[in-house]
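**Q** Residues per chain, in single letters:
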Amino acid sequence: MQPLFPATLLVLVPLLPLVGAICTVLLGRRLGPRAHLPAVAGIAGAAAVALILLLTTYAEVGHGGAHSEPVRPVEMITTLWQWASVEGTPAGEGLTSGAQQGFSIPVTLRLDPLTATLLVIITGVGLLVAIYSIGYLHDDPGYPRFFALVSMFVFSMSMLVAASNFLLVYVFWEAVGACSYLLIGFWYSKPEAARAAKKAFLVNRVGDFGLAIATFLLWMTYGTLNFHDTPNSAIEGILSQTRLADPGGIVGGVIGTAICLLLLLAACGKSAQMPLHVWLPDAMEGPTPASALIHAATMVTAGIYLITRCAPLFVACPGALAMVSIVGATTALVAALIATVQNDLKRVLAYSTISQLGYMFASLGTGTMLGFTAAIFHLVTHAFFKALLFLGAGSVMHAMGGVIDMRRFGGLRKVMPITAATFLIGSLALSGVPPFAGFFSKDEILATLHAKAYPSAHAQEHGDLPVAAGADRSPLHLAAYSSDAHAATPAGAAVGLDSLNTPAVWQTLFWMSLVTAGLTAFYTFRAVFMTFTGPVRVPPEAGHHAHESPPVMTWPLIILAVPSVLAGWLLFSTDALAHFLSATPSLWAESVRHTATPLEFHWDLAIQGTLAAAIGIAVAAIGHLGRRSDLPQMERYLGPLEPLFANKFYFDQIYQALIVKPLEGLALLAALFDRSVIDGLVDGVARIPVALGSLVRNMQSGLLQRYALAGVMGVLAIVYALAWQLRG
Amino acid sequence: MNLLSPGTHLLLTIALPLIGAVVLWLLGSRGVQAVRQSATVTAVLTLVSAAWLILRYLGSTAAAAGAPYAVVEAPWLVDGLFDVRLSLGLDGLSLWLFGLSALLSLTAVLVSWEAIQEKPVGFYVLLLLLEAAMLGVFAARDVILFYVFFEFTLVPLFFLIGIWGHDERRKAAVKFFLYTLAGSVLAFLGLLTIVLWNASHTGKVTFDIAALTAGMAAHPLPMNAEGGWLQMLVFLALFAGFAIKVPIVPFHTWLPLAHVEAPTGGSVDLAGVLLKIGIYGFLRFSLPMLPDATAVAAPWIFGLGVVGILYGALVALVQTDLKRLIAYSSVSHMGYCVMGLFALEPVAVEGATLQLINHGLSAAGLFALVGMIYERFHTRSIANLGGIAARAPWLTVLFMLFTFSSIGLPGLNGFVGEFMILAGSFQRAWSGVAPVWQTAYMVMAVSAVVGVVLGAWYMLWAVERVFFGGSREPPRGAGHAHDHSAAAHGAGGTHDAGGHDGHASHGHGAPQVAADLDLHWYETAALVPLAVFVLWIGLMPDTFLKPSAGAVRAAARPSADAFAARMESLTVPLPGNPATDTLTARVVPLP
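Those protein sequences? They're chains R and Y, same order as listed.
Under numbering that gives the first Met the number 0, the letters of the first sequence match residues 0 to 727, in that order.
Under numbering that gives the first Met the number 0, the letters of the second sequence match residues 0 to 590, in that order.
Hints are computed from structural coordinates only; laboratory data are not their basis.
Which bits of chain Y does chain R cover? Going by a derived footprint, with three or more residues having C-beta under 8 Å, they are: (1) 316 to 322; (2) 384 to 394; (3) 404 to 410; (4) 413 to 421; (5) 445 to 452; (6) 456 to 470.
A few chain R positions that, by computed beta-carbon distances, are all more than 12 Å from chain Y: (7) Arg406; (8) Pro550; (9) Gln632; (10) Pro639; (11) Phe644.
Source: prediction; values computed, not measured.
Glycine is no exception: its CB is placed at the ideal position from the N, C-alpha and C atoms.
Taking the hints into account, I'd like the entire structure generated from these sequences.
**A** This is the structure in structure tokens:
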């Protein structure tokens, strides 16, 4: 790879949307109805460049053939400018006796297979969403603002995945959050939108709190925040090839686990995992294209990216890894249960997003090469079909005059055939029906969980392969691995969490995921049947809009439908993605690499998954196919569970009661304390001189002698005091 | 460049507002227009002069090497015993604060454009006097001069609040004045003790800050029972003065009152510059001159900083008055500065000095915008405001920008300072304190990060209520007939381009008769420079960190060394480790 050529191109990916955003801000009003031009052009340019970068990187990695040659790590680093630096000092010369760590934050971008893959998804989906928005928002007064924000988002998100430094990741982690805040609150006059925007930002801030502390701890532990090695110095980057090649390079134990759990907290915030998932459903108050781009395809996958990027850190801490899967599988199940009773089409999709992201977390937590690549695989396919579904929902909403309650319309397949057809494709992909995209990626996730849950079965299968002996994958091995390397850190203290890492836990997680697969198919097809089948019904708000959306909106649907059908099979059958990703330095790390297993298709799992999907679809068909969607729903058979699901497991209420209200009470108390006690004391003290004054008043007798005496005594006191002080 | 020696240039910069004040006084009879125009011209000239001086400083090799720049010295009383000089100059500690004073003074003048119709001459004269005093405080290299300027900042602000303030202005002015004065008198006694102690050892009564710093290093004030804990007493005296000024909780109650009652221009100067003098004082006097006492007090003041962060944020959360909310947010943000300074860790101390500037910019911007909202709607009650975004989009954009800056959104300035302070504090907690302190330090550092979440909570809550949602309070312009129906929205819309592209569409100072709620040209001019620096510091903080790094470290080092020594003494040597290595070797895992 010529160093200059990709470096320049890499800078262009974020730069073009940024320029687009700035142009939109400056020229927006003048361009009027053409205000989308700078943004669309910028994102289109970025998408083209990202594609070139992907191909270049792919060529660099090579095809791998029959796994003959070992994969070499591929990365390219380019530093733009020094953001902030505080010089370190050697021992004895600094402010304290120990050596001071320097604090040097370069703005450095990186290109490796993981980044290249995500850049294509971000800019590609971004481009389609931007084009779609031309139709969706055509007469909105905030038209230019929307495109400026979407452009800004694409910039921030590209920077997030291209940053080669934890601080820079934090910067853009918050920047995408800010874009999300502004887009959720796009229709700011709607109080619900304003509230949802604030909620999203604050819940994300709780996650950011984790990322901030994790960043500080990483800095303490590693002495740098860079992923890469610092040139011309001995500082090894946290995720650099030199460190990853060194078996003792990554810190495990208590500190490692703490760092990983904090990173997990951050990922939970951004990727809407329990317990920080509450913001995403409310975020649906934003314009639907923004939901498709930010709250389905890209921003919410930042958590997946972060954990994949930090794979070696997590692999060194089996307890934290298990937590990732537990959080993921639990979220997947709970969100799917909630989705089954939602009547707002966008909210069904929102909970579905939370649930699918949960799948990815569950996969990541297995800590195997297959787990990481399967998560990214699912991320990619999910980006396509979930963006498709959201844009389809937007198309419905557009036609229905803003109504999104599924009980109020029905039979729309006759009204809007293209939307219906593409939505069906997206739904099949989401449900994991073969041969649609979601089937393959979900199958890989189930396979990786299954391997963790039933290691002996898999060890038998691979008995003839030297790399994949069951013992190698066992958590015990990893625990020993990390504690040996760091005898100084008490590895035993993390045992509390490490004990989660048992086959029983993994078996539970596997079966939870399988149940979730069935639920997914159910709620997806419940939505499909409610919206598109049955007698044609259109709400009065629709007015003259009740027809298929314009081509500028339907073409993105059609384009997204193609990968929703094909991407899974293509990427799975060639094993291209997994092979490509394994050249990412983080996944190339020895601790991850040795878990690699050859590509295979698990017929038994595929059948289980498909069966689950089929049952889900069948139940949905029994309940909803061809029925009026405003008739009583299947929920009534749920009994006491119905209110639990409908109220989203009461998360909002619990947070309100346990966190918000007590804090507000504390704040009121503090304000009261401030006014009465502190300020009261101050006013009290202020009265003392007045009181003293009235005491002293009678000493002012007018007698000169007394004044003189007082003066002399005063001078003597000062002189005495000084003499006493100066005597040493 | 050599037309003007740096020293003369500095003198000229400080004198310009004074000259302007005189000119203004003479022009007083020509009406408001002439008065505010000449005040603006003066502030602009001063700002240009200060900016030019800063550029010269940055270009100077001597300054880069750490020498004070633009030194002017005039002997005042020099004989065998006394060595008193009037000495001015700039160094890394004061450089940016000096610039900030000049910048915010222009903002203060511009935001008063329409707001001050009553007795304008007096108002602008006081504002310019305040500017000269602020510039002087940061340029003073002599204790007497510092103290004179320090006190002199009080007087104009006392009158600004007392005469042009709101309903409770008298009470606020008196409280502000007496509280600050009480503290500063104690601080002066402390400084005098330093001077006398130095004199008793050198035989010369000098007030020169550099000489005193050197003197205190050579023969420190006693910090033991037989010396009467004199160093601690002096530290506490200085603490009284500077802690009230910052303000450090619980000495903060004058601040919300003063802010709420002050006219906008006064609030801008107060929040933007005057609060910074407290931290500057610590860094100029306490840390370099009283290291042993600082080392003893540092954990406690560090803790007070954290308490201030959380306490200020909590109290801000339930405020009903937008200006009071921002006043409490200042308490919270100054907590970060206190914490960073007393972490005594290079990253944190540099972060704290940068945060002074950051808070100066964002707080000044927010106070200015609150003033603009008040002028438009005649209320600051959060409950009565709402939906401003639709009617004044550019005002909203700027408010959001300063809000994001204040809650530390990366890419903007507030983040840099906050991050460095927290990073340094974590480093201190991690490997720079004795085991007995470690848990406490860790808890404090983590609590400070909680403040980041709370900070977003109250600011975004206020933004949501005031700017978003439907309109709650019909706009009532100051004596102008406003049509606040759909027309206001339309006017706001078309106004955007004008407001953004250089405010060409506005009549120069013409009375506002249109239903025009968005920014006026003078308001745009007041805020855009601040916004530029908000972005600049956020994107390229190194530009601002580098020139001050050396001086800041040198100032903090005596205390940091003393603190390290104290922590060593508290550390029980680990078995098997040589005692000297205990601090570095003892990396105790998280509690």
